[in-house]
Amino acid sequence: MTTVQAARGPETPIMAIAGASVSFGAARVLDGIDLELRRGEFVCVVGPSGSGKTTLLRLLSGLQPATTGTVFHQGTVQNGPARGVAIVFQDYAHALLPWRTAAGNVSLALEAAGLPRAQRADRIAALLATVGLAAHADHFPAQMSGGMQQRLQIARCLAQDPDVLLMDEPFGALDAMTRQKLQDEILRIVAASGVTAFFVTHDLEEAIYLGDRVVALEPNPGRVGAIFDVPLPRPRTQLSTREHPEFLRLRRDLFDFIQQFEP
Amino acid sequence: MTAGVVGRARGLILPLALVVLWQALASIRGIESDTLAAPVQIVGALGDALVNAEFWIATRDTVLSAALGLALGGVLGAMTGLVFGLVPPVSRLMRVPVEVLRPVPAIALVPIAILIFGFGYALEVAIVAFAVFFPVLILIEAAVRGVEPRLTEVARLLRLSPGARIAKIVVPAVLPRAFVALRLAAGLALVVAITVEIAANPMGLGARMILAAQSLRAPDMFATLIWVAVLGWAINAGLVRAQAALFPDAQRPR
Ligand SMILES: Nc1ncnc2c1ncn2[C@@H]1O[C@H](COP(=O)(O)OP(=O)(O)OP(=O)(O)O)[C@@H](O)[C@H]1O
Ligand SMILES: [Mg+2]
Numbered sequence: 076m077t078t079v080q081a082a083r084g085p086e087t088p089i090m091a092i093a094g095a096s097v098s099f100g101a102a103r104v105l106d107g108i109d110l111e112l113r114r115g116e117f118v119c120v121v122g123p124s125g126s127g128k129t130t131l132l133r134l135l136s137g138l139q140p141a142t143t144g145t146v147f148h149q150g151t152v153q154n155g156p157a158r159g160v161a162i163v164f165q166d167y168a169h170a171l172l173p174w175r176t177a178a179g180n181v182s183l184a185l186e187a188a189g190l191p192r193a194q195r196a197d198r199i200a201a202l203l204a205t206v207g208l209a210a211h212a213d214h215f216p217a218q219m220s221g222g223m224q225q226r227l228q229i230a231r232c233l234a235q236d237p238d239v240l241l242m243d244e245p246f247g248a249l250d251a252m253t254r255q256k257l258q259d260e261i262l263r264i265v266a267a268s269g270v271t272a273f274f275v276t277h278d279l280e281e282a283i284y285l286g287d288r289v290v291a292l293e294p295n296p297g298r299v300g301a302i303f304d305v306p307l308p309r310p311r312t313q314l315s316t317r318e319h320p321e322f323l324r325l326r327r328d329l330f331d332f333i334q335q336f337e338p
Numbered sequence: 010m011t012a013g014v015v016g017r018a019r020g021l022i023l024p025l026a027l028v029v030l031w032q033a034l035a036s037i038r039g040i041e042s043d044t045l046a047a048p049v050q051i052v053g054a055l056g057d058a059l060v061n062a063e064f065w066i067a068t069r070d071t072v073l074s075a076a077l078g079l080a081l082g083g084v085l086g087a088m089t090g091l092v093f094g095l096v097p098p099v100s101r102l103m104r105v106p107v108e109v110l111r112p113v114p115a116i117a118l119v120p121i122a123i124l125i126f127g128f129g130y131a132l133e134v135a136i137v138a139f140a141v142f143f144p145v146l147i148l149i150e151a152a153v154r155g156v157e158p159r160l161t162e163v164a165r166l167l168r169l170s171p172g173a174r175i176a177k178i179v180v181p182a183v184l185p186r187a188f189v190a191l192r193l194a195a196g197l198a199l200v201v202a203i204t205v206e207i208a209a210n211p212m213g214l215g216a217r218m219i220l221a222a223q224s225l226r227a228p229d230m231f232a233t234l235i236w237v238a239v240l241g242w243a244i245n246a247g248l249v250r251a252q253a254a255l256f257p258d259a260q261r262p263r
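Line by line, the protein sequences give chains A and B. So in the numbering used here, spot 96 of the first sequence is number 171, and the numbers just go up one at a time. So in the numbering used here, spot 210 of the second sequence is number 219, and the numbers just go up one at a time.
Next comes chain B alone, as it looks inside the complex (with noise of 0.2 Å):
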């Protein structure tokens, strides 16, 4: 344990440095820029931010269209991955449609949903829900494929009605490897709804990075890129100790 801390410790080492000396050359020859900002300065943006409602505000508007297109294009990946994989000729049915429209960039549909739409929660909410669907489709549909054929087997000559054999066999058996799909997309999602607030939704972080650039107000933005980055850490970070507690080493098949 406290290993690891020291371990973590080290690892900050150099990024502690890079800023110590980001701060000493602003401090000594002075940063005339727009694009850049003493990490002092940056540092009292954030302090400021986060005093401030309408920060807090933008940040529930940002995670909340994150999570709601997480969860709207998750279930329904997963839902279609789960047919997919237990029915191939589905899968092959559906192949074209699916190669066709899951390499369009989800940013490319901005304009479309705008007209659709509009601004707001359902616009962001719809484009994380796509990018979100085909990974997790596809990782899904793996899993499900990848299921032991022995276990397939074993529900065959125990005469498992389909339902019972989904739900005491492929379900579980997917389960490790669809957590790992989530945490992929909640990356994903993230990534996607800030993408959107920064191209055209007038709301959440991504619209108040841009607003702060277009503002030339350099710290202001440094301070919402780095709000951002603690989040999608932290997002990670809780997955990934959901993970350890929910599928521990030892009822890891070997």
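The following block holds chain A by itself, in its conformation from the complex (with noise of 0.2 Å):
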């Protein structure tokens, strides 16, 4: 314990997992799982179905607990969910609470923090016009539509104040204007807060998009098949770097490396 204090500093990657697997009874869906998230960077994770991407992703929250090796969050070793680190679902209806509105969403998790009530409104508001639903305070989960309850969710995760955020396909349920209006507002978002990000897609476009890093899983069982960097350029636009020469390279690498275990 001491000497992983120690090496406590900057360079010390915000999340680690060090030979991590995941049984479920006699499966095993990760196996050999080594990987670091570096403060402040954007690591995209894809792979075929059941490769075990969500496993993975609940590894790092603390809701699952790792079969065989260490998970570690700000160089402590993590023996459950922690405060700085909030999860983005992608069943936004199920992960709010429908009777409690925008505001009263959010605010759950300053209780959670024990925010004392009086500081509470200003830091809701500032947290919903940051997710664009300033005007929405007061409407309720289902008065929303899929896209507006992804941004709530995504502000009460901010409201966590956390250091890495976890999204797992948060907008596989979405149509295509939308959810590209959402990268790029994540894409903001993460910068603006310098939270590190961990984001599941089956979107390869999406993660070479998003990505500093694109984390490809080979499956059965679930291990880290390959890593790309991403070289392109920041601020993204959803034209220019769509069509930057990179991106369209990446994508022939990530989908022929996809491609080998598709049936």
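Keep in mind the hints are simulated off the structure, nothing from the lab. Treat each hint with caution, since some may be false.
Quick look at which bits of chain A chain B covers, simulated, 3 or more residues with Cβ under 8 Å [as the list claims (entries may be wrong)]: (1) 176-187; (2) 240-250; (3) 269-280.
Over 10 Å on every C-beta distance to chain A, these chain B residues come out as not near it, computed from the model [to be verified]: (4) W31; (5) V52; (6) S100; (7) V109; (8) A117; (9) L169.
What you are looking at is a predicted structure, and each value in this text was computed from that prediction instead of being measured. Virtual Cβ for every residue (Gly too), placed ideally from N, Cα, C.
Assembly of the complex is requested from the two constituent chains, each provided in isolation within its own frame, with the hints serving as guidance.
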């Protein structure tokens, strides 16, 4: 423990997985995972369905204990969920409290952190403004579109003041236009807050567009198959970034990689 | 709104026609019976009853015992259901006792309850509470088990304390279904209260009914019966309205 503590510093990865595996009964879902998340970087994860992307994200969140190996957060061993690690779930409709308004849902994270009532209103207003929901503070989730509900979930995660933001196919259920808008917003939010982002997606182009690195998992059992660096310039823009030769090259490499595992 | 009123009025046509037919038959052929009464007689008896202080005391006794029994059994059942739902090992441990006690008809406990409490409120409240306890327990336990697992994960991720998790997630999530349980239990409480009064307890509307029947006052018996039906209907209607006001569609998960 002390040796780990001694290694803390700006160079320490904000999160690290060392030799971790996850089994459900006899089924090994993740095997021999070694991965580091550097401070402030945007890591995307792709892989065929069932390769363990969600399990990897849950492992980082502390919701899923490692069967073997260790997960480190801020240089110390992680034994369960930590307030500094937030998750945006894909199924926003289930992850929000239907009986609370948008403001009330954001408030939940502030209440959990013990923020005095008097200080909540300003924080809530600022967070809702960040995700473009300032005008919808009094709406219930059922009165909001899918894109708005997902923004709300992002706002609640930001209310945790996290240093790591985990997202599991957050835009998977949204239409193409809304998805592109939210991609740009999440890039802006991540850049502004300095949070480290870990983003699972099925969409290879989305992974390249957003990420500094793309981790490709191979299935049965889930392992890190390859890690692609994305040297595309920032800020990224939907038109020019997607036409960048580097973007096209990465898309081909990733496609070829995933293609090996398709039946 | 008007369409609703018209629809409800249309629903009354058949029962009204039957009442008219019943009255017509009674007037033409005459009812020579101790078990039946003509509608006009029943309405007369109900009119007399409504200006009779004893009738209102009987109403109060029945409604009060049903309400107190409902409150006692409902609160105990809900709290037990909450604990069983939150702590499955406790539920497993208690399964046998619960399954042994639950099928016992509440009314079968009246003789024991008379020995313990004697006649009066306590007897009736205890029997109603017993009858209400188990359905509420089972419905609340199932509702707690049915809380969206994603929300339980959100509570874990935010590191809510157990108390905060119950207060901020479990209870609000369970409340709409708890209200359905309340409606069910309220109907049951009235049924059981009146049954206890008919079977043994010399008070309330049930006792009034059985007394009227034994003294061959059929119109009075029917008048009380109709009054009981009106009470049951009014309680349910009130609860349905409260439900719609407390749990609007906007706050329901999609
Ligand atoms: N709680 C669990 N119990 C048993 N098996 C599980 C559990 N969670 C996941 N699995 C199994 O682990 C494997 C990986 O699941 P996971 O959800 O991590 O994959 P994924 O890459 O996220 O898939 P998708 O792209 O479809 O979301 C699957 O075979 C799944 O059946
Ligand atoms: Mg998944």
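How the hints compare with the structure:
1. Counting residues of the stretch 176-187 of chain A whose beta-carbon sits less than 8 Å from any beta-carbon of chain B gives 4, enough to reach three: the coverage restraint holds.
2. Closer than 8 Å: that is the beta-carbon criterion, and the stretch 240-250 of chain A has 0 residues meeting it against chain B, so the requirement of 3 is violated.
3. Under a criterion of three residues with beta carbons nearer than 8 Å to beta carbons of chain B, the stated coverage of the stretch 269-280 of chain A fails, only 0 such residues being counted.
4. With a least beta-carbon separation of about 49 Å from chain A, W31(B) lies farther than 10 Å from that chain, consistent with its non-interface assignment.
5. With a closest Cβ-Cβ approach of about 46 Å to chain A, V52(B) is found to remain outside the 10 Å limit, as its non-interface label requires.
6. At the 10 Å boundary, the C-beta of S100(B) stays outside the reach of chain A, the nearest C-beta of that chain being 24 Å off.
7. Distance to chain A confirms V109(B) as a non-interface residue, since its nearest Cβ pair spans about 35 Å, more than 10 Å.
8. Taking the minimum C-beta to C-beta distance to chain A, about 41 Å, the non-interface status of A117(B) holds against the 10 Å cut.
9. With a minimum CB-CB distance of about 5 Å to chain A, L169(B) fails to clear the 10 Å threshold, and the non-interface call is violated.
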